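Starting from the known structure of chain A, fit chain B onto it as the hints suggest.
Residue numbers (my numbering), protein chains in the order written: chain A, 1 to 572; chain B, 1001 to 1475.
Keep in mind that the hints were calculated from the coordinates and are not lab data. Just so you know, these numbers come straight off a predicted model, no measurement behind them. No residue lacks a Cβ here, since even glycine has one placed at the ideal position from N, Cα and C. Take these hints with a grain of salt, some might be off.
Under 10 Å between C-beta atoms, here's a sample of chain A residues computed to sit facing chain B [as the list claims (entries may be wrong)]: (1) Ser170; (2) His171; (3) Gln215; (4) Ala218; (5) Ile219; (6) Ile227; (7) Phe311; (8) His313; (9) Ala380; (10) Ala448.
Keeping only pairs whose Cα atoms sit at most 30 Å apart, straight-line, the calculated DSS-like set for lysine-lysine is [stated by the list, open to error]: (11) Lys180/A - Lys1146/B; (12) Lys253/A - Lys271/A; (13) Lys1314/B - Lys228/A; (14) Lys228/A - Lys1447/B.
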Amino acid sequence: MTRSIDTINKNAREYQAARFLTYASLGADYKTIKEVARQGIPNWLEDQLKLPATSGFKDTTWEIWEHFWPQYIKLYGRDFIVNHGEAVLPYWFYWKMAWWHNIIKSEDHVRQRVAQAYSQIFVISEKSNLQLSGPGLADYYDLLYTHAFGNYKDLLYAISLHPMMGFYLSHINNPKSDHKRNIHPDENYAREIMQLFSIGLYELNLDGTHKRDAQGNAIPTYNNDDIKEFAKVFTGLGPSGYYWPWEDYSWVKTEWNSEYNKTPATTINWKPMIPFEEWHEPGPKKLLNGKVIPAGQSTLEDIRDAIENLFNHPNVGPFIGHQLIQRLVKSNPTPAYIERVATTFNDNGEGIRGDMSAVIRAILTDPEALNPSSSDLPKAKKLKEPLLRYTQAMRAFNATNQSGRMWNWGYLFDEAVSQGILAAPSVFNFYLPNFSPNGPISDQGLIAPEFQIHTSATSINYINLAHDWFIKEYYMEVATSAGNSSHNAPSFEEKDLDPKDYVYLNLNAEIALARDPKALVDRLDLILTGGAFSEATKENIIQAIREIPGPRDRVKAALYLAFIAPDYTVQQ
Amino acid sequence: MNKSNKVKSNLTRRQFVGSASCAAIGSTTLLSSLLNLGTSNALAGLHSQSTEVEGEYKALVCILLAGGNDSFNMLVPNSKEPYQEYRKSRSNLALTQSSLLPLQFSDPGGREYAVHPSMPEVQHLFNTHKLAFIANVGTLVEPVSKAKYLAGSAKLPIGLLSHADQIQQWQTSLPDSRSAKGWGGRIADLLEQGNKNQNISMNISLSGTNVFQVGSSATEYAIRAAAGGSVGIRVYEGNSQLDRVLRKGTESLLAQQYQDIFKSTFQQKILHAQANHGVFSHALASVAPLQSPFSANDLSADLALVAQTIAARKALGMKRQTFFINYGGWDHHDSVLENQAQMLSILSKALQEFQSAIDELGISQQVTTFTISDFGRTLSSNGNGTDHAWGGNVMVMGGAVKGGNIYGKYPSLRLGGSDDIGGAILLPSLSTDMYFAELARWFGVSKGDLSFVLPNINRFYDPRSSSLPIGFMND
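Chain B extracted, bound-state conformation:
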C-alpha cells in the first residue's frame, strides 16, 4: 500500500463512523482537499515531519450573533425611495436617515446604503475594503420563489422561525434535517489531518460546545478568555507532598477502564483537555503578547484570545483553524432600538480591534471573520421590538475579502412587496450553502469535497463551476 492509499483509507474510515451521508465522496476528491492544503506537505504531515509553510496558514473565525440579529437595522437602504419604504415598514423602529452612517457603495441600480449609527468602525472597515456585507441570506432547502412559497409547494426548513432549529441550521447548513454536525466540523474531518499537531483540535471554541465545529470525528477544543486560554488540573502544577498524592490519585481514577460509555466520555474529555493544556499554554506563552488594544467586554476578550492563539499558530503546529464565538442576546422582541444599538456598538468595535490585531500579525490575507445569526427579524414592529423572521444580512471581514461591497440582492423592504412572504418576513435570496461554500473553498476545501462539507450545495450551485458561488472572496 503506498502512502496515498494509506491516507485515503484512514480518512474513509474516520469519515464513515456514524455517518450515512458520505456516499457521494469519491476517494480522489478527499485527497484533493488535502492537496489544497499545500500539495505533498500536507500528505507528508500525516506520517512524517512536514515543514510549516507560512503562506499556508488559514483561519475562519465564526461569530454567532445568537438570538437573531435585526440586521435590516444594521444595513439600511440610504437612497430616497428605498429609505422611505424602510421607514414605513419599520414604523416606530425606523432609524432616522440623518443618523445613519453612509457606505461608499452603490448597487447596480444606483441605490445607496448605510450602517447603523453605532457602527462607525464597521463603516470604516467597509469603506477601506476590509469588510463586505452579504444581503438577505437564510436557511433554504432548495431555491424558493415567493409564488412557490405561497402555493405551499416549496420544501421548507424544519422549524422555520424557531431559535433552536434555525440556530442549528445556520451551523449545519442542513435545514432539511435535525443534524448535530456542523459544516466547520465536516471541514475539520477533511482537513484536520493536515495539521502537524494532531492532538489539539483544529476547531477552537471560545464558547464551549457548539454545533458548527462538531463533525464525525472532529470536536471542539474549548478555551476560556476568563482563564486566559486553556485550563489545567491544579494539583498537577503543585509540588507539595499533598499535591503529589492527589495527582497520583487523580491520574489513577482517570486511567481506569470504564465500560460505561457515559463514564468513558466524561473521562476522555478530561484526559484530552489536560493533555492539550500543556501544549496549548506553552505555545501561547511562547509568543509575545499582541500590542493591538481590545476593549473590556466579553466579545473583545474572546477575539483577543483568538488573535493570540493565531499568533501562536506555529508553536501550536496549526495550518488550519476555525474559531467559534457565541455572542448572544440578540433576541430583541423588546426594546430593540436601545439594546441592539448597544450590542452593535460592541460588535463593531470588536471587529475593528480584531482586524487590527490580525493586521499587526501581518496575515490579514489568511484570516477571515464572518457572522451568522439565527434569522433576520420581522420588518414590522411588535410595539418596541421585532419577532422571528427568515432572511438576514451578514458580515464577512479580512484581507482576502473583496470588501466595500454588498453581495447578493438587497431585498425590497416594502410590506407585501416582492420579498415579503407575509407577516413582514423576508424570503432569503441566498442560501447559507452559497455563503459557506465560498468560505469553504477559500479555506481549502476542493470542488470535489464541497458536497461533503455542504451536502445540499448542488441544489444551488454547481461545485465544478469555475466561478465562485457568490464572489466575495479573492480567488
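Isolated chain A, as found in the complex:
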C-alpha cells in the first residue's frame, strides 16, 4: 500500500512539475520533468535563478557566419564577393540560426524563457533595417538574456544604449536642437521608453488598476512636453565604431554624421553607443515628478538620471509586472496577483527595488500560477504562443541531428503563423497587451493577446505546420552550405543539403508505448501539458491512432493530434 501511495505522489509531483515547466521553460523533456519533481519546484527554481548566463547568442552567430563566408568566397571568388553584387554581410538569418542552436538543448530553462518574454516587451525586430546585422540582433538578445535575473534599472539603461535599439527607435545619430534650421530632437525613443518599456500611459495603482481623478478619468503619466524633454536626453549618441566584413575598419575613428553611421550594415552593433558631447542637447531637462536634470551634464549622466527617474516611478512595478505575468503565465491576472508581483518589484525583501530574479520568482510561484484549479475564471490561463508550441515540440523530444548544427532558419514557421524570435511587425509586438477577440472572451470583458495572431489563415497554417513536423518529419529548416542559387545566403536546394543536418526527434520512449494507445496518450498529456487533456480529448486521440498499425506512425499521429488539440494550445 505504502508503495502505491508513493507512486501516486510521485505521479502527482510529475504532473505538477510538468505543468510548471509549460510556462517556466521553452519546453521540457521527461528527464527534466522528473528532475523538477524530485527536487521540488522551489529548490529547482532557486538553482535555475543562480545559473550563470552561458550561451552567447552573438558568439554563436559569429561562428555560423565564419562557417559560411569562406564558402561564398570559394564559390564566387573573393573579387565578386567583396566588390560586386549585393553585399555579403552577416545578415539576420545567422542570428536566427544561432538562437535555435543555442536554445534547443539549453539547461538554463528559466533564463531562456524569461529572455524570450523580455523580447516581447523590449521589442526590436529583424523586420526593419536591423536585418542587416545578425550579430547586432544577437547581441541585443544576449543583453536580455544576461540581464534576465539582474536589476531592471541596469536592463533599461543597457537597452537605451544598445545600437540596435538606437537604429530601431532612431535615437542613434540624434542631434541636439538647431533652431535656425527648425530641427528638433527625435522623439521616438523618448516616447516608447515611457509608453512601452517602463511606465505606460496612465498612472497605476499597485494592483495595476488605473488611478482616477476627481471626475473619474484616468490620469496620463506624461504629456507631449515631457516627451520633448526626454527627447533632449537621448541626443548625441552615435556608433562606437565601424565594421565591414571585407576590410578592417577597427582603426577608423567614428565621426558624427559620417555616412557609415546611418545603417546597421556598417556599424559595430555589439557595443554600446558612445556619446558625442558636442551633439548632445545642452541645458536643463525637466523629467517626471518635478525632477530636473541640471545643465552641463554629460550625455551619459543625463541618460542615467532619466533612467533613474523612470525607474523610480511607481508605475514600473505594476506595469512591467503585469506584462511579464501575461507573457509567462496568464492573460487575465487578478489585481491581487499583480499587486504581489509589483510589491516584490518595489522591494525584494532586502530593500532592493527592481530585482528581477525576485520578480520572476514571485510570478512563477504565485498561487495563481501554480494552482491549475484556481477558482477565478476563466480557468484558461492563456493561449500558448505559436513559437512556444514550436520550441516545446523540439525540446520535449530532444530534437537533434548528426552534425550537431541545429541552425534553424525558422522562416517558414514565421510566414505561417506570424511569429518568430525578434520578428514582430513593430515595436508593439505581435499582439497588443489588451487585445480581445470578438465573441465570448470580449463579451466577458477579458483579454487574450495571443489571439491577435490566431486568424483564419494562421490558425489553419499552424495545423499544417504540426503536419510538417510530426507526419512529414520536417522539423527544422537547417542549411549549412552555400550554393549556386545565392551568393549571400545559405542554400536550401536539395543538392546542397547535408543529410547529417537532418533534424530528428527521439521518440523511443513513446514508440515503446505505442501498442498501448492509452499509455501513449497519457505520457504525451503529462509531458506536454502536465495533465490538462480532458477524457474526451484523450479518447479522441486514442480512437484515431488505434487505426494505425505501425508503432512509429502511431506515435507520429498521436503527436500531430496532441499538438492541435485545444487542450494543448490553451494553457491551464
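For chain B alone, coordinates are given in the frame of chain A:
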C-alpha cells in the same frame, strides 16, 4: 410577425451584443440601410433566395499606411510662396521644387500642388480624375480651433501623437474612447446580412486581425497573398489511409464541446476558417485570372488578390465587401527622404495596378480605395527624419470618386502659422468622421444609420443634410 419585423429584431439582437452605444438606433433606420442595398432584394436575401444585381456590388478597400506617413512630402504646395514656406519649414527634408510632379489643379486661391517625385502613377490617376486627395484629415473629438487648443479647453483624442492609439482611432473613428471595434466592422454589422453568403465575412483582411473590420458581430476573414488566397487543413485534402485517420481525429478534436471560452474561441476560428476555405477557394478558382499585371512586392500581391476576390464576387455571393491591407513601415523618424521615396513608389505603382485591374473588370464605379495612416508627421526635421504629429493628407481612388481635386483645406505650412499648434504639428481641419461618413454613405449606409457607424458624426455634420459631408464622391 411579418418579414420586416423579423429582420428588425434579428439585427437589434445582434447589434446589442456587448455594445452599449447603440441607443441612438431607431429600428426604422436600420432597415433603411438594408434598403439602400437594393430595396426588397436585400431583405429577401436574408431568408430566401435573392437575385444578384450586378449594379449593386460595392467594395471599400482600405490601405493602412501604418507608422504615420509623412504626407506633407507626398502632397506638396507648388506655387511660389507656399512652396517657399514649405521649404523653410521642412528645412533639410524639403523636396526640390523641380523634382515635384505637378497636378492639374488649383485651389480657389489659385494655389497649385504637386506630388512626390516617386509617384508618377498617382499623378496620372489624379490628372485623369480617378484619384483625389483630402487635405489635413485627423482624429478629432470635436471641432477644435487653434485658440481653443492653446487655451487647453478643447477635448482631445486619447493618446494623441502615439501610434497605438492613433492607429486604432483611425480605424474606429472614436478618438474619445479606447474601442476595439472599427467603423468597417459596424458597417458589416449593418449590411452583412445583405450578402447572400452569410458564412464568409463581408470583411476580408489581407493582413490578419485588425480593428477596422471588427464590429459587434462582424469579424474579419483573413486570407494570404503568399498562400494564393485562403488556406485549408492539409490532411482534409489527402486520400491516403493515414490522411483519413488524421482527418477523423482532427475533426473529432475540433467537434468537442469546450466549456472554456479560450478553447472554444481557438476552436471556432479554425472551424469557421476551414468551412469557408472550401467556398472561397472554389469561388476564386471559378473565375479567370485577371490580365492586369502586378509588381512583385507584398502590397501589389495583396492588391492582386483583392482584385481576384472581387472578380469572384458572384461566386462568393457578395454584394458588399471591405478589404483591409496593412502596408507598414512609415514611421520615418530616420532617413525619411530615402525610405519614404521608396515606399511611395511602391504605393503609387500598386494603386495604378489595382485600378487597372478594377477597370479590366469593368466595375470601377463600384470599388473605392482609400488610405489611412496613424497621423501626419512634424513639419520640422529631427535631423534626417520627422516625428509624430496629427493632421495628414490621404488619397481616395476609384470611378465613383470625383477625382482630380484636393478636398478640404490644405493647411499653411508655416511654422508658427495658423495651423501649427506648436512643435510643427498641424491641427487637422477635417475629422476622420467626415472622411469616413462620405465613404459610408456611398457604400450604402443610410443617413439614419450614419451615427451608428460613426457615433461622433453629429459633432461635425448633420447626417440628415442633403449635401455630402465633403463632396469627393459622386452622389
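A quick look at each hint next to the structure:
no., hint, verdict
1, Ser170, "holds, 4 Å"
2, His171, "holds, 9 Å"
3, Gln215, "violated, 13 Å"
4, Ala218, "holds, 9 Å"
5, Ile219, "violated, 12 Å"
6, Ile227, "holds, 8 Å"
7, Phe311, "violated, 22 Å"
8, His313, "violated, 18 Å"
9, Ala380, "holds, 4 Å"
10, Ala448, "holds, 6 Å"
11, Lys180/A - Lys1146/B, "holds, 24 Å"
12, Lys253/A - Lys271/A, "holds, 15 Å"
13, Lys1314/B - Lys228/A, "violated, 54 Å"
14, Lys228/A - Lys1447/B, "violated, 43 Å"
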